[in-house]
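Participant: Assemble the complex: chain A is given as a structure, and chain B must be docked to it using the hints.
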Amino acid sequence: MYKGLTIIFGFYFMGEVTAEIANLPIPGNVLGMIFLVLALGGGLINLKDVEKEAEFFIDNMSIMFIPPGVGVMLYFGLLRDEFLPIIGALGLSFVITLGVTGKIVEVLR
Amino acid sequence: MNVLGIFLTISVYFIFNKLYQTKRKFYLNPVMLSITSIIILLYFANIEYQVYMESGRILSFLLGPAVVSLAVPLYKKRKVVIDYSTQISSGVILGGLIAILSAFFTAYLLGGSEALLLSISPKSVTTPIAIGISEQIGGITSLTAILVIITGIMGNSIGVPFLNLFGVQDKVARGLAMGVTSHGLGTAKIIQENELSGAVSGLGMALNGVFTSFLLYPLIQILMSL
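As given, the protein sequences belong to chains A and B, one line each in that order. Residue 84 in the numbering used here sits at position 84 of the first sequence; the count goes up by one each step and never skips. Residue 1117 in the numbering used here sits at position 117 of the second sequence; the count goes up by one each step and never skips.
In silico contact screen, one side only, chain A against chain B (beta carbon under 7 Å); selected entries:
#1 Ile8
#2 Pro25
#3 Asn29
#4 Phe57
#5 Phe65
#6 Val70
#7 Leu74
#8 Leu84
#9 Gly88
#10 Leu92
#11 Phe94
#12 Thr97
#13 Glu106
What the hints contain is simulated information worked out from the structure, not anything from laboratory work. Virtual Cβ for every residue (Gly too), placed ideally from N, Cα, C.
Isolated chain A (complex conformation):
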């Protein structure tokens, strides 16, 4: 278990340090994910050493979004001021983007 956690947090740390030093607009966790895929692909990291721990984090990802989601309560005023354009733009853009992205993959297949 500690081996897997060391790998995951190690790559997270590497990602953060890289983003900081190179002044990239990409967050450390996304870079860490890219680095870890490369390390798995290059045989530097063994899938078995990290698989169980990674699956634990992924299986429990939904609950981690709740605290930032509750932060919406701080901005009710802001949301109310432009309620119509916000709801309209988010709703329409969501439906169009989801449909087009899904369809384009299927059409090109």
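Facilitator: Positioned in the frame of chain A, the structure of chain B alone reads:
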């Protein structure tokens, strides 16, 4: 009061997740219901968000290692992902572009302020990238963060029914649509349906984040000058 946030989040999520597991109805989405009820509880108990976040932030901190962990399903499904590389890159480019343009122009047509147009443009990418972009183009970062989360909640709750409505059946297509449209919250949902979809969704989220962070600054200059 320190432990309040984490206790409240876990217990409320436990109840709504249980409810969702038994009923399996999309409108009983546990993330959406938990957020709504915690807001109501805090409001009536007169507890500030900062107090809730004292321990609530422990859970949101774990999003960091969770995103890194998405490397594992992506690596396990690498053969399919490579096989689909043309479709995936086309989907990210087209989807990423449409996410920005449709949000920008709808908000514009409905009378949104300039600050809103700038803040809403990066709403489909993962929160830390979106905040960075919003800052760069002159949006309100806290507003962007909220719009990103609302977009994610939509993906988590109504993403799957909409994919079914559109007749999108391909596992890669479903995953990519969720990741490009609704970042981590979309990924968290679709990975429960299928591992391949989840892997592609995580990849779509990462690629769209990178794509949007390079595209949006020049694109906004053009859009705002129209």
